[in-house]
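J.: Same order as they appear, the protein sequences are chains A and B. Be aware that the first sequence starts at 1, since it is given in this note's numbering, and climbs by one per residue. Be aware that the second sequence starts at 1, since it is given in this note's numbering, and climbs by one per residue.
In short, the hints are calculated from the structure, not lab data. Just so you know, these numbers come straight off a predicted model, no measurement behind them. Treat the hints with caution; some may be incorrect.
Identical chains blur together in the list; that is why a pair holds if it fits in one copy or across any two.
[Stated by the list, open to error] No more than 27 Å apart at the CA atoms, straight line, and that leaves these computed lysine-lysine pairs for DSS-like:
| hint | residue 1 | residue 2 |
| --- | --- | --- |
| 1 | K259 | K42 |
| 2 | K385 | K126 |
| 3 | K126 | K20 |
| 4 | K299 | K222 |
| 5 | K222 | K42 |
| 6 | K354 | K259 |
| 7 | K42 | K262 |
| 8 | K300 | K230 |
| 9 | K185 | K42 |
Number of protein chains: 2
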Amino acid sequence: MRDVAVLGVGMTRFGIHPGKGVKELGVEAVWNAIQDAGIEPKAIETAYCGYAVSGLLTGQESGVGQLALKDLGITGISVTHVENACSSSACAFREAWISVASGLCEVALAMGVEKMTSATTQRAIKALISSSDVELEWGIIFPGVFAMIAQRHMHEYGTTREQLAKVAVKAHRYGAMNPHAHFQKETSLMEVLNSPMIASPLRLFDCCPISDGGAAAILTTKEFASKCGKHPIQVAASVLKSGLYTDERPITSFESTIKAAKEAYESAAIGPEDVDFAEVHDCFTIAEIVHVEDLGFCKKGEGGRFIENGEADLNGRTPVNASGGLKAKGHPVGATGVGQIVELVWQLRGQAGKRQISGAKVGLAHCMGGFFHADGASLAVHILKR
Amino acid sequence: MRDVAVLGVGMTRFGIHPGKGVKELGVEAVWNAIQDAGIEPKAIETAYCGYAVSGLLTGQESGVGQLALKDLGITGISVTHVENACSSSACAFREAWISVASGLCEVALAMGVEKMTSATTQRAIKALISSSDVELEWGIIFPGVFAMIAQRHMHEYGTTREQLAKVAVKAHRYGAMNPHAHFQKETSLMEVLNSPMIASPLRLFDCCPISDGGAAAILTTKEFASKCGKHPIQVAASVLKSGLYTDERPITSFESTIKAAKEAYESAAIGPEDVDFAEVHDCFTIAEIVHVEDLGFCKKGEGGRFIENGEADLNGRTPVNASGGLKAKGHPVGATGVGQIVELVWQLRGQAGKRQISGAKVGLAHCMGGFFHADGASLAVHILKR
Chain A
1 MRDVAVLGVG MTRFGIHPGK GVKELGVEAV WNAIQDAGIE PKAIETAYCG
51 YAVSGLLTGQ ESGVGQLALK DLGITGISVT HVENACSSSA CAFREAWISV
101 ASGLCEVALA MGVEKMTSAT TQRAIKALIS SSDVELEWGI IFPGVFAMIA
151 QRHMHEYGTT REQLAKVAVK AHRYGAMNPH AHFQKETSLM EVLNSPMIAS
201 PLRLFDCCPI SDGGAAAILT TKEFASKCGK HPIQVAASVL KSGLYTDERP
251 ITSFESTIKA AKEAYESAAI GPEDVDFAEV HDCFTIAEIV HVEDLGFCKK
301 GEGGRFIENG EADLNGRTPV NASGGLKAKG HPVGATGVGQ IVELVWQLRG
351 QAGKRQISGA KVGLAHCMGG FFHADGASLA VHILKR
Chain B
1 MRDVAVLGVG MTRFGIHPGK GVKELGVEAV WNAIQDAGIE PKAIETAYCG
51 YAVSGLLTGQ ESGVGQLALK DLGITGISVT HVENACSSSA CAFREAWISV
101 ASGLCEVALA MGVEKMTSAT TQRAIKALIS SSDVELEWGI IFPGVFAMIA
151 QRHMHEYGTT REQLAKVAVK AHRYGAMNPH AHFQKETSLM EVLNSPMIAS
201 PLRLFDCCPI SDGGAAAILT TKEFASKCGK HPIQVAASVL KSGLYTDERP
251 ITSFESTIKA AKEAYESAAI GPEDVDFAEV HDCFTIAEIV HVEDLGFCKK
301 GEGGRFIENG EADLNGRTPV NASGGLKAKG HPVGATGVGQ IVELVWQLRG
351 QAGKRQISGA KVGLAHCMGG FFHADGASLA VHILKR
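Work out the full structure: start from the sequences and follow the hints.
T.: Spelled out as structure tokens, the structure:
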């Protein structure tokens, strides 16, 4: 398989976009990526478009990619939609990577879009359900699932309520530095701890928001990138794993993350200690704590202290979610995966503005889609290198 | 890229399956394919699952592949959902093909599932809409679109109402020979011509049914197939094209089919005259007439006569839809594409029973997903060889 690089990236601001549908969000993100790559729209040979719940929420299930690309004059190419819940566009990015790596094409587009704020919160949460015939009947929706994980993590490892809150405070601090973030306002420990209870111990400020948004990345070969006179960002690893789904393992870690990360580190020939920064799937504050452990940034059970000690801060050992993460940057489900890639590329190029991580050479993106039987349903890990 | 072969196939009967959801339909199809391939379930390294409207119709949007595979003990692999309207699983098959061809894995699963009959017909048709903000408002749903195509084709080329009806009669004749078909009962010219009007000139019997179903195929390398002691069926071409979407071309042909077929023929180093039989996307009777022209089986405008003269019959020049096609075999949207592949493999192996095409060596599958501005949104053409 051939080496693959990211030539250009673009995104909309994540947030509330009244009057913009999935198509408009897609057009804006893709156009930004095309301009960033400095290519003609016609150079794109194949496209993968991730979205998850817009069909249920807006009635527009099919053709989102074609409709968006048509408006940019890109027709007659192959366009494929990828749906893997919250990791939909991480998986679209992976398919684009396979497509270029295989030799099938030279230039591939990965995009992700989601329109969620036009529906009620209740409908949006219902659309995000994992297994409609089980979880929906039992009422085990995501805040409940992660609340149970948090309870167990606190019991098992002594993780504190304040440590959870510090994940949110950090997220908002960096979101305030990110002009593409949904929330660009700092928050305080007291504000998080006094926010309304959602599912104990998780409060409103422990939960990521429901957002609209689009994100896009253009992948190509090193050779094509050189021809464009660009210094591309290398895709050093792309791994996707579903879970083991056994009922006999602790709910305080995700086997799918551990397996995907292991394979990604092997593929990139590095270890977790070589990762300069990471974007991880912090749909809830407890999720970031679990993920930094499962990704090997700290030992099992030490995630809370990792956050508390500032090791995930911009100037910490392994900065995590410098973009604001799902928690503050926002979580337009189908756009989140490519949105993480966009942040990785900006950081690796030194274009991340106030939130720039100095000397960042290796970045990791971790995106989790769905959840059954105490494990992620589709767990994507990407490692990008300068 | 490496040569890829189909090692095993399986499907459920297409039709009405009360009490079976997308998961159960998937389990049945995949298990049949695994048994047919003669491999251990654990041999599958990656899976692509196509479905289109089950999310809108059942509320189960995500995780269908993972849930079905978990029940077969297949966990921890990469599972990706592909959604491209009616060509969803044709595109899943294509991704599985790329995955093996790229060298990323040795054994890949392509599956398609759809559960449609639990919803009302009205909801199912609404879910199939192409562009919700345009077609739905204008009322231009698929029967209306294909009625306009039929009107124009009749005006332009003298295609007759009886020729349209003969597509349906042929479909039901072969459906009656196919134990996996939704409709296994013959029909007559008079029955078609007297069936209720849907959108003039299309009557009820010109339209494919709304079905439930699942289909699966296992792809691998020639080398792995040899190790299994199997004579595999070769994937000679896999092409996907979106349309041109210009308003300035005739609605009596699909540019996407013409372009995809051309590229597929070049890739397989054959011409349309070398195709021994085909499964084409006959969502309406007029569609089969247009497609046999666009695929080059006859000249433009002669599709009606091609059918009338029996050239698409089992013993004709190019047998078309020996399975009964979408019209009689059924159209569980997301399962249709792999369902066509299953028929191709059975025919190429000589396992098609009463409807066997003698000496079939080269088969073509044509699957169309979505429709905007007088062209297909995702048009997949596969050529398989014995």
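J.: One pair to classify: K185 and K42, alpha carbons no more than 27 Å apart. Within, between, both, or neither?
T.: neither (39 Å within a copy, 49 Å between copies)
J.: Reference check for the pair K126 and K20, CA-CA at most 27 Å: within, between, both, or neither?
T.: both (22 Å within a copy, 22 Å between copies)
J.: How would you label the pair K300, K230 (within, between, both, or neither) given a Cα cut-off of 27 Å?
T.: Neither, since 40 Å and 47 Å both go past 27 Å.
J.: Indicate which option fits the pair K354, K259 if close means a Cα-Cα distance not exceeding 27 Å: within, between, both or neither.
T.: neither (34 Å within a copy, 48 Å between copies)
J.: With identical chains treated as interchangeable, where does the CA-CA distance between K259 and K42 reach 27 Å or less: within a copy, between copies, both, or neither?
T.: between (38 Å within a copy, 16 Å between copies)
J.: At most 27 Å between alpha carbons: which applies to K299 and K222, within, between, both or neither?
T.: So K299 and K222 fail the 27 Å test inside a copy (36 Å) and across (44 Å) alike.
J.: Which holds for K42 with K262 at a C-alpha limit of 27 Å: within a copy, between copies, both or neither?
T.: Between copies only: 20 Å across, 38 Å inside.
J.: At most 27 Å between C-alpha atoms: does K385 with K126 qualify within a copy, between copies, both, or neither?
T.: neither (37 Å within a copy, 45 Å between copies)
J.: Evaluate K222 and K42 at a C-alpha cut-off of 27 Å and name the case that applies: within, between, both or neither.
T.: Within one copy only: 19 Å inside a chain, 35 Å across chains, cut-off 27 Å.
In summary, the structure is inconsistent with hints 2, 4, 6, 8 and 9 from the numbered list given earlier, while agreeing with the others.
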